[in-house]
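Participant: As a plain string of letters, each chain reads:
Number of protein chains: 6
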Amino acid sequence: MNNPLLTQVVRELTTPESTDTLLFHHSDGHPLPSLSVLTEIVDLCRAILFPGYFGHSGISSHTLPYHTGVNIESLYHKLVDQVKAGLCFAEKSECTHDKAENIAIEFISHLPRLRKLLATDVVAAYEGDPAATSYSEVISCYPAIRAISNFRIAHELHLLGVPLIPRIITEMAHSETGIDIHPAATIGSHFTIDHGTGVVIGATSILGNHVKIYQGVTLGAKSFPLDAQGNPIKGIDRHPILEDNVIVYSNSTILGRVTIGHDAVIGGNVWITEDVPAKAKVLQRR
Amino acid sequence: MNNPLLTQVVRELTTPESTDTLLFHHSDGHPLPSLSVLTEIVDLCRAILFPGYFGHSGISSHTLPYHTGVNIESLYHKLVDQVKAGLCFAEKSECTHDKAENIAIEFISHLPRLRKLLATDVVAAYEGDPAATSYSEVISCYPAIRAISNFRIAHELHLLGVPLIPRIITEMAHSETGIDIHPAATIGSHFTIDHGTGVVIGATSILGNHVKIYQGVTLGAKSFPLDAQGNPIKGIDRHPILEDNVIVYSNSTILGRVTIGHDAVIGGNVWITEDVPAKAKVLQRR
Amino acid sequence: MNNPLLTQVVRELTTPESTDTLLFHHSDGHPLPSLSVLTEIVDLCRAILFPGYFGHSGISSHTLPYHTGVNIESLYHKLVDQVKAGLCFAEKSECTHDKAENIAIEFISHLPRLRKLLATDVVAAYEGDPAATSYSEVISCYPAIRAISNFRIAHELHLLGVPLIPRIITEMAHSETGIDIHPAATIGSHFTIDHGTGVVIGATSILGNHVKIYQGVTLGAKSFPLDAQGNPIKGIDRHPILEDNVIVYSNSTILGRVTIGHDAVIGGNVWITEDVPAKAKVLQRR
Amino acid sequence: MNNPLLTQVVRELTTPESTDTLLFHHSDGHPLPSLSVLTEIVDLCRAILFPGYFGHSGISSHTLPYHTGVNIESLYHKLVDQVKAGLCFAEKSECTHDKAENIAIEFISHLPRLRKLLATDVVAAYEGDPAATSYSEVISCYPAIRAISNFRIAHELHLLGVPLIPRIITEMAHSETGIDIHPAATIGSHFTIDHGTGVVIGATSILGNHVKIYQGVTLGAKSFPLDAQGNPIKGIDRHPILEDNVIVYSNSTILGRVTIGHDAVIGGNVWITEDVPAKAKVLQRR
Amino acid sequence: MNNPLLTQVVRELTTPESTDTLLFHHSDGHPLPSLSVLTEIVDLCRAILFPGYFGHSGISSHTLPYHTGVNIESLYHKLVDQVKAGLCFAEKSECTHDKAENIAIEFISHLPRLRKLLATDVVAAYEGDPAATSYSEVISCYPAIRAISNFRIAHELHLLGVPLIPRIITEMAHSETGIDIHPAATIGSHFTIDHGTGVVIGATSILGNHVKIYQGVTLGAKSFPLDAQGNPIKGIDRHPILEDNVIVYSNSTILGRVTIGHDAVIGGNVWITEDVPAKAKVLQRR
Amino acid sequence: MNNPLLTQVVRELTTPESTDTLLFHHSDGHPLPSLSVLTEIVDLCRAILFPGYFGHSGISSHTLPYHTGVNIESLYHKLVDQVKAGLCFAEKSECTHDKAENIAIEFISHLPRLRKLLATDVVAAYEGDPAATSYSEVISCYPAIRAISNFRIAHELHLLGVPLIPRIITEMAHSETGIDIHPAATIGSHFTIDHGTGVVIGATSILGNHVKIYQGVTLGAKSFPLDAQGNPIKGIDRHPILEDNVIVYSNSTILGRVTIGHDAVIGGNVWITEDVPAKAKVLQRR
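Chains as they are written, first to last, in my numbering: chain A, 1 to 286; chain B, 287 to 572; chain C, 573 to 858; chain D, 859 to 1144; chain E, 1145 to 1430; chain F, 1431 to 1716.
Hints listed in this document are in silico derivations from the structure and should not be mistaken for laboratory results. For clarity, every value in this text was computed on a predicted model and none was experimentally measured. All residues carry an ideal CB built from backbone N, CA and C; glycine is no exception. Hints are supplied without guarantee of correctness; some may be wrong.
[Said to hold, decoys possible] Derived pair list, reagent style BS3-like, types lysine-lysine, alpha-carbon separation capped at 27 Å:
| # | chain 1 | residue 1 | chain 2 | residue 2 |
| --- | --- | --- | --- | --- |
| 1 | F | K1711 | F | K1652 |
| 2 | A | K222 | C | K650 |
| 3 | E | K1222 | A | K99 |
| 4 | C | K671 | F | K1508 |
| 5 | B | K508 | A | K281 |
| 6 | E | K1378 | D | K1137 |
| 7 | F | K1508 | E | K1423 |
| 8 | E | K1222 | A | K78 |
| 9 | A | K99 | E | K1243 |
| 10 | B | K385 | D | K936 |
| 11 | B | K520 | A | K281 |
| 12 | D | K1092 | D | K1080 |
| 13 | F | K1709 | D | K1092 |
| 14 | A | K78 | E | K1260 |
| 15 | B | K565 | C | K806 |
| 16 | D | K1137 | E | K1366 |
| 17 | E | K1425 | F | K1664 |
| 18 | B | K385 | D | K957 |
| 19 | F | K1711 | D | K1092 |
| 20 | F | K1652 | E | K1423 |
| 21 | F | K1529 | C | K671 |
| 22 | E | K1425 | F | K1652 |
| 23 | B | K364 | D | K957 |
| 24 | E | K1366 | E | K1378 |
| 25 | D | K1139 | E | K1366 |
| 26 | B | K565 | C | K794 |
| 27 | D | K1139 | E | K1378 |
| 28 | B | K364 | D | K936 |
| 29 | D | K1080 | F | K1709 |
| 30 | A | K222 | C | K851 |
| 31 | A | K234 | C | K851 |
| 32 | C | K650 | F | K1664 |
| 33 | C | K806 | B | K567 |
| 34 | F | K1711 | D | K1080 |
[Claimed, not checked] Pulled from the structure, derived: some chain C residues nowhere near chain A, Cβ distances all over 12 Å:
| # | residue |
| --- | --- |
| 35 | V609 |
| 36 | G733 |
| 37 | T769 |
[To be verified] Going by beta-carbon spacing under 7 Å, a handful of chain E positions derived as facing chain D:
| # | residue |
| --- | --- |
| 38 | E1156 |
| 39 | P1175 |
| 40 | R1311 |
Sequences are here, hints too, so could you generate the full structure?
Facilitator: Below you can see the structure in the form of structure tokens.
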């Protein structure tokens, strides 16, 4: 490469004007959360929550305590670092090592509960799919379990006030599975998603227990109220509520803060922007 | 991390009750099939089937026999191990080394036929896409070729009675391409999928030759007959039949054991739950 | 594996007939472009364009010139090799080292402009999403930024006449994000895509500035005019034009060389094959 | 490369005559012991024996049991495979999985004793070197500890009848440290070697407790009795005996089945082929 | 592995008595210096000091500043961490981040001087070896340059009061080259070692300028004065002084605080424990 | 790190004066030979020459041709690149791709002969060591085989006029084994070295067949004739000649262009600077 151009392009790319919006400014020792370490964290959570399936596949009930101990210790150290990076990202004054440690400990203490919750999702996926042959197959293969695991991990971190990281974790699952669940969404037990590609579940959605969703379903916002400056007002409840036992078939779209009553069935390719009563069946007109 | 909590969480996570549904119990030496080895197996199949594109890119017709020999030997050893793991996963009494060897040999003996079949898919993708410039571009870039390769490999293993592994292989392609084809589906020659994200093809689907499908198309089940206990009855033919030369445009949904007759064209965003006669054109009403 | 079969399968897989369409024939020293090196190239572009987010996360304004210099030098060398491989792929007579160098230099000289353009996309994503908390979050997490970055990089290479590589780069993003933008498409500033899974933007699409698109939207071709031999005629303008400020909500499909006038809003799940006037609102009938 | 030559060289290199002495013939599934797995095995032994120094450096007394459990399980599985490979290498009829398991279990049960023995070597190195500042420094840095650890591990495997592997393990240390101890040598507690490069300790050497040796010292064989065919007779005691508290300074050579009595001191650059009485001092003449 | 034994061995290996001398006790966040990071540090120093030979081999004078800047930044961060670990290893109260930063900065500010010094060693090796064809060959291949580089780096860190790490760095070179130079030794400019295997240079040795040493040479201590408890007294000057232009041929041994006068030549296989006058020639008697 | 210092050190380290002797100047595309690629080349040679021991350990006589073909092709491509880098290193005008190809082809055509020669070294090591149990053990474990293999490979490249690379390859073995054989030395068949650490064999040494050498032996130069400028005259025969069947025991030194007659035995720790008649026995005086 002819050198004057190299020098010139480097100069252009390092002027303050050029980097103004796009260079992440941070003080020494406060880098961004690391995608690769967060991937390790999620893998450790999976290894702890689903022993024998992820992580060390030759695990037995005799060696389970050893592996669990080592994995939790490793998870703790990685989590403290990343949570601290997330806190510093959002607000420098808040990012103490102590605060990060407390959050990591709190998160880890919730793992037994998280495992119980995920077990209900496995059962739901198995029972709802005639092609499923065993819980083991569901845990090993089903993208829904992968996406819901990431969501439930991310949601715990979201509730503990960790910035940025929950979103990165759900976007990992989005990339792997095509299922995009915002970490702030509220989702009950026995949740399942079939096939899943194209599913979107917005930040203020609330789903009861035993909800089932198919590929291509959007639980989105209808429109964004604007503030005086014309910017979308942030933090308003703008996504649907699905009560217990609701099923939404493929490629349907439910928009806005509407309520789909318990035991309702929404057919495929349907567009809904209003409340649906309990036990109703809504189908596309032909 | 303060140690009492670590000890306590390890204890909670290793009680029999906590691990009951979620710990994979297996005897020594019988771990689960390995996702990373299966990835290597699929990569070896691609290197063997599409020499020069995948694997060793500098291959020439002179060195082709050497590379093919080495790749097949490697494929054989990895396949025997993984097939045995899959057999043991499903039923311990069935998982002999001999049985795994026979299946691996049988699979490898089908590779020449598989290559001929995949060649028809390449031709179909090239001829059906005005943006395609050469067979080489299609093989190198098109996600459909990746998804269909995985499907055809997985389908062979499915026909040979290998449990679990075929599904893992099609889910790999699902994750990479957003195309979800059940390994049990029956699909003829010259099959192509354009763009592909969101495509779902169910387990009992039957597709003839020269079928073309666009992104977001679902070939699904309408409803699941329940048995006396209210569980879905497994193994019933519940997905569509698409005869030769059928085209289904983007985001359409075809549900249930319906037949789309040969040369029929299904437009985009259409919802179909009944038979469609040969040569018909079905479009969304506006 | 019993050896006669190994020998026989190797022989079957290396006959000229068997490899005819599927073996990539190339002379020594002219292998195909490498997927893994192209991945490194895209990662280097991201590190240069978004310093502090991708690549070396501890970068500061003081060390920015060093990192930028090293990254551009590395990008240059990798790009020359890959561009040459792409040129040779398409036509051996055209693939000189000099030509590849000129293209690489030209591409690198456009990086400052590319960064300014991508900055407008970041602003658009931030302003259009009530859930976005900062530019940093958008750059770090949003799949749209990843997909649009790849597209804009690929588009520059497309304009410089590089074969194959632009398509491979947009397919990388397609696999990661489910967003499939053809590198030949023309897209203005302040472009954003929400969620994005299932989006398809065809090769001859033209999008103005400030366009916003939601998940599952297709900008496709209606039908392909065939030539005398019944093959699709390549190179015809066959995809939509979206003027400035157009919004298209989720899962809608716009087909053919139609024009969606400026400031028009296309609702979700809509099927459009005709022009839409400026400022119009098109909604699905219920 | 011009192809006829490639084909010809391949042919020459694969004739039976060409490979006769040099191709390792083995049946499927019985490859040679793996250098890289044996390296992992030695690293695991070091991590178990010297917790906090090798392997996971952040280990604490609280997490020690978890790490020890995981490491021993991993060691066991790797050891069974490698021991079996070693047994098959020596004699096919002897290489059952059961035998390999018994040897691995026996070896692991000796680890607590091995650690006690190695602790005496650490103490000896520390006390004998004015430059040593702490046990920790000795364990972390001193090549003697590395070489003696490998020797003691290899010696246990040698006593258990494992072929080939003990020699590979001491040759690893030979390569790293220049210290060549045959795994069959008998060496007491509190053994230390200073600097160590060039030390050779032959197979039938016997060393008491508290022996100290400097760089370049050879404990070798004087001459080999030949059998009727003129071949060296294998298995004869042909190396020196060093009783307790013997010191041998740098570059001295002791050859043959001679006895160096307890508390003797052998100066540097000395050549000894006869017994040395207890407490004697042998120096080079000037 | 049968589980009772596993449990029992784990228990035996984790009792306080068993780990007493051999478990490195440290508080959280203060692990030992890392061998692999120290290897990276030495590699970075080599890349900075010998640009074009180590690290990025395609470097040119135009891109040299970029690479140097990136390497020094990386070196700084790694060095701060490792120096801190070394300080904590020796004495917890001393190991502040600030102190580590100051040492790292001081070390880096000496790099230009270190490079000048190493250049004299390269010149000396080239001029003293009839087989050397160029400075480049000497830098690329000669183990002496590798060993002396590590020594000079380690010596700087030693002078800055860093514990443990200097010794680890010279032991790396010892393992690679068989040359064992204590980091506390004092060595002038234009130092060279031919072949080098087996060379030992003790901690209190002092070497002038233009000294040349051959393989197997020991500059050692004669005997250790013991304190009242019978332990070697640490810190006494106990190794030789070699004045300017001294040559010591292969396998000779010089012991104790003797002085070899300037321009003296010590032949091979000689044993010296007394002063040698300037310009003397000492040869082995035959 | 405080930035002014960083900037200043970078500036100091990049001045022309600072880099004058130590920056390797080369034109684009002509980097130095790569240590890691040369390591791969040596590993490929070992895999080809000792099939089943190095490289793919599961190789059988049936799959040998496939592996040999793939390995030779890979060796060829790597060798062409590295030989070209070596040629350019020495003299730019000489480094054409064609020349590098011819050398690589010539080298590969000698591999069958090289294997026969190495087989004699294996036999010699086995027959000369009472501790050796099989040829396989010798090939797998003995550092002498590793060092002699590297020497014989390097010597072939030296005879073909390749600069720098032969020396790098013998230095690799020097680092691993402590055996330093100059690639220009001339060594007959059935050569063996026992233990080997510290062995030095100079550039103009000539060894007949069936020579055996022990650890610490130097075959060196006595003194260097100086030219008018006081520089050592390069290229003079200055190392010993050892005729057939000579044995040299440990730590002996033979210096200068002396001849050790056939069947002579040189004892340990002996210093020789004059001719030794055939069949003589030379021992150290006591």
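Participant: Per the stated criterion, does the least C-beta distance between T769(C) and chain A lie above 12 Å, as a non-interface residue requires?
Facilitator: violated (5 Å)
Participant: Is K1709(F) within 27 Å of K1092(D), Cα to Cα?
Facilitator: Holds. K1709(F) to K1092(D) sits at ~26 Å (cutoff 27 Å).
Participant: Given the hinted pair K222(A) and K851(C), is their alpha-carbon gap at most 27 Å?
Facilitator: holds (19 Å)
Participant: Going by Cβ atoms, does V609(C) stay more than 12 Å from chain A at every point?
Facilitator: Non-interface label on V609(C) holds, nearest chain A Cβ at 17 Å vs cutoff 12 Å.
Participant: Given the hint that K1139(D) pairs with K1378(E), test it: the Cα-Cα distance must not exceed 27 Å.
Facilitator: The hint holds at about 25 Å.
Participant: Are the Cα atoms of K1092(D) and K1080(D) separated by 27 Å or less?
Facilitator: Holds, because 14 Å separates the two Cα atoms, which is no more than 27 Å.
Participant: A cut-off of 12 Å on Cβ-Cβ distance, and G733(C) was said to be off the interface with chain A. Does that hold?
Facilitator: Correct as stated: the minimum Cβ-Cβ distance to chain A is 19 Å, above 12 Å.
Participant: How about E1156(E): closest beta carbon in chain D under 7 Å, or not?
Facilitator: holds (4 Å)
Participant: Would the hint on P1175(E) be counted as holding, given a Cβ-Cβ threshold of 7 Å to chain D?
Facilitator: Result: holds, 4 Å to nearest chain D Cβ.
Participant: CA of K385(B) to CA of K957(D), is that 27 Å or under?
Facilitator: Distance ~26 Å between K385(B) and K957(D) Cα, so the pair holds.
Participant: Compare the distance between the alpha carbons of K650(C) and K1664(F) with 27 Å, and conclude whether the hinted pair is satisfied.
Facilitator: violated (42 Å)
Participant: Does K1137(D) lie within 27 Å of K1378(E) when you go C-alpha to C-alpha?
Facilitator: This hinted pair holds, its Cα atoms lying about 26 Å apart.
In this structure, the hints that do not hold are numbers 2, 7, 14, 32 and 37, in rising order.
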